[in-house]
Amino acid sequence: MYDAGKIIIGLVIFVVFLTFAFWMDAGKAVPPPKPKLNTPVIMKMPKAERKCVESKEFMRTEHMQLLDTWRNEALREGNTEYINTNGKMYIVSLQNTCMKCHSNKKDFCDKCHDYAGVKPYCWRCHFVKGQMKNWE
Amino acid sequence: MSMNRREFIKRVAGVSALLGLGGSAFELLQPGALEAALKAKSSPRYAHNKDRKVAKHWAMLIDVEKCQEPGVMDKIIEACNRAHNIPHFKDPKHEIKWIFKESFEHTFAENSNKYMDDRIKGWIFLNMCNHCEKPPCVRVCPTKATFKRPDGIVDQDYHRCIGCRYCMAACPYGSRSFNWLDPRRALDEKDLNPEYPTRVRGVVEKCTFCAERLDNGQLPACVEAAPEAMICGDLADPNSNVRQILRKRTSMRRKLELGTGPSVFYLV
Numbered sequence: 001m002y003d004a005g006k007i008i009i010g011l012v013i014f015v016v017f018l019t020f021a022f023w024m025d026a027g028k029a030v031p032p033p034k035p036k037l038n039t040p041v042i043m044k045m046p047k048a049e050r051k052c053v054e055s056k057e058f059m060r061t062e063h064m065q066l067l068d069t070w071r072n073e074a075l076r077e078g079n080t081e082y083i084n085t086n087g088k089m090y091i092v093s094l095q096n097t098c099m100k101c102h103s104n105k106k107d108f109c110d111k112c113h114d115y116a117g118v119k120p121y122c123w124r125c126h127f128v129k130g131q132m133k134n135w136e
Numbered sequence: 001m002s003m004n005r006r007e008f009i010k011r012v013a014g015v016s017a018l019l020g021l022g023g024s025a026f027e028l029l030q031p032g033a034l035e036a037a038l039k040a041k042s043s044p045r046y047a048h049n050k051d052r053k054v055a056k057h058w059a060m061l062i063d064v065e066k067c068q069e070p071g072v073m074d075k076i077i078e079a080c081n082r083a084h085n086i087p088h089f090k091d092p093k094h095e096i097k098w099i100f101k102e103s104f105e106h107t108f109a110e111n112s113n114k115y116m117d118d119r120i121k122g123w124i125f126l127n128m129c130n131h132c133e134k135p136p137c138v139r140v141c142p143t144k145a146t147f148k149r150p151d152g153i154v155d156q157d158y159h160r161c162i163g164c165r166y167c168m169a170a171c172p173y174g175s176r177s178f179n180w181l182d183p184r185r186a187l188d189e190k191d192l193n194p195e196y197p198t199r200v201r202g203v204v205e206k207c208t209f210c211a212e213r214l215d216n217g218q219l220p221a222c223v224e225a226a227p228e229a230m231i232c233g234d235l236a237d238p239n240s241n242v243r244q245i246l247r248k249r250t251s252m253r254r255k256l257e258l259g260t261g262p263s264v265f266y267l268v
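If you're matching them up, the sequences are chains A and B in order.
Note that this note's numbering has the first sequence beginning at 1, numbered continuously upward.
Note that this note's numbering has the second sequence beginning at 1, numbered continuously upward.
It is worth saying that the hints were derived from the structure and are not from the lab.
Ideal placement from N, C-alpha and C gives every residue a C-beta, glycine not left out.
It is possible that some hints are incorrect.
DEER-style ranges, computed between Cβ atoms [what the hints assert, rightly or not]:
hint : chain 1 : residue 1 : chain 2 : residue 2 : range
1    : B       : Ala47     : A       : Lys51     : 17 to 25 angstroms
2    : A       : Ala21     : B       : Arg201    : 55 to 63 angstroms
3    : B       : Val12     : A       : Leu18     : 50 to 58 angstroms
4    : B       : Ile124    : A       : Ala48     : 37 to 45 angstroms
5    : A       : Asn134    : B       : Lys121    : 45 to 53 angstroms
6    : B       : Val54     : A       : Asp107    : 23 to 31 angstroms
7    : B       : Arg201    : A       : Val118    : 30 to 38 angstroms
8    : B       : Trp180    : A       : Lys36     : 12 to 20 angstroms
9    : B       : Thr143    : A       : Lys28     : 39 to 47 angstroms
10   : A       : Lys51     : B       : Asn49     : 35 to 43 angstroms
11   : A       : Met89     : B       : Arg201    : 49 to 57 angstroms
12   : A       : Glu57     : B       : His159    : 57 to 65 angstroms
13   : A       : Lys56     : B       : Arg45     : 41 to 49 angstroms
14   : B       : Ile124    : A       : Thr69     : 24 to 32 angstroms
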């Protein structure tokens, strides 16, 4: 093999470069996201009533399915009311229910979505008034 | 062996967990937590708003003569634009129109002639989606983004629209607009209706008979703005307000010969 030394050194550099991302972050864990719940609307609620439409655990794992169902129920069936597992009624609307409390997209929605590497496009249409400068 | 996507993902997660790759690294997903939460309580349900406006076949009557009074049509168009966050683009190629002004010959092409009386010739007509009984746009939509509700309203689901514009080609009334540009660029924050979303570049939109307002017990924005010129009601009910008016007054519908069954009546 001609220039074996150069080639092997080159290969080693190449492999090191290729695996850079792995050994650079070895042993480190990205801290799990901490979405913020301190929006003015939530802070105004009495502590006992600070609840989402469903339990925290359910919302964490199933909010996307819930929103998908909400969209179809409201738009296609005209069902504008959601009666949750505790019998409490909520208006079926991302913009008028969810985003009234969670008006802090950057510190709430984006926190987990960025962590999980997902890019939902809800906010390309739905918006909170007064936050036009944050529009995508 | 067949495997659906959910099964595949579960297995990949299982294998990667065994290999120490952290199949369950996502701390938010506690195995079993969801199932337990689901079992614990009664299942949720959906309901109509009890105040919602109901009809078997929604129809709109437009009193053309009333519309000729100064400011009436502008008032209607303005109310619609505000209610639905409709952007204003100056270039007619990019315009978004839900309800808009047209001449007689553009509205009733088949009825216009050179020797028409000056009175009608000078009138301006409000054009909007006709919410057809047999909507050609619904027939051609490949994703069912536009669909007919049981109450006769032809609604539009922007989540599903892929922007193919078949509906625009199919609509004989030119009632549909395509978002060539990002509509948010042409909106002013102070005029926004915070209750209604904007649209996104690449979807088709049109008048939805304010379906979302009817579902919440409100009248359409145009009817609310000018009840003297716009009247809505149930065409299927022989005693409804619209049927009573239609019995007494001469009305016209657009392009009846096409058989689409438009639900917008022009009182002349």
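Here is how each hint holds up against the structure:
1. B:Ala47 / A:Lys51: 17 to 25 angstroms: holds (20 angstroms)
2. A:Ala21 / B:Arg201: 55 to 63 angstroms: violated (34 angstroms)
3. B:Val12 / A:Leu18: 50 to 58 angstroms: Because 24 angstroms falls outside the window, the suggested range is violated.
4. B:Ile124 / A:Ala48: 37 to 45 angstroms: Given about 58 angstroms between the Cβ atoms, the range is violated.
5. A:Asn134 / B:Lys121: 45 to 53 angstroms: Since the Cβ atoms of Asn134 (chain A) and Lys121 (chain B) sit about 50 angstroms apart, the hinted range of 45 to 53 angstroms holds.
6. B:Val54 / A:Asp107: 23 to 31 angstroms: violated (41 angstroms)
7. B:Arg201 / A:Val118: 30 to 38 angstroms: Given a distance of about 21 angstroms, which is not inside 30 to 38 angstroms, the answer is violated.
8. B:Trp180 / A:Lys36: 12 to 20 angstroms: Cβ of Trp180 (chain B) to Cβ of Lys36 (chain A): about 37 angstroms, so the range 12 to 20 angstroms is violated.
9. B:Thr143 / A:Lys28: 39 to 47 angstroms: holds (44 angstroms)
10. A:Lys51 / B:Asn49: 35 to 43 angstroms: Given about 22 angstroms between the Cβ atoms, the range is violated.
11. A:Met89 / B:Arg201: 49 to 57 angstroms: Roughly 35 angstroms apart at Cβ, these two residues miss the hinted range, so it is violated.
12. A:Glu57 / B:His159: 57 to 65 angstroms: violated (26 angstroms)
13. A:Lys56 / B:Arg45: 41 to 49 angstroms: Cβ of Lys56 (chain A) to Cβ of Arg45 (chain B): about 21 angstroms, so the range 41 to 49 angstroms is violated.
14. B:Ile124 / A:Thr69: 24 to 32 angstroms: violated (44 angstroms)
The structure fails to meet hints 2, 3, 4, 6, 7, 8, 10, 11, 12, 13, 14 from the earlier list, while all remaining hints are met.
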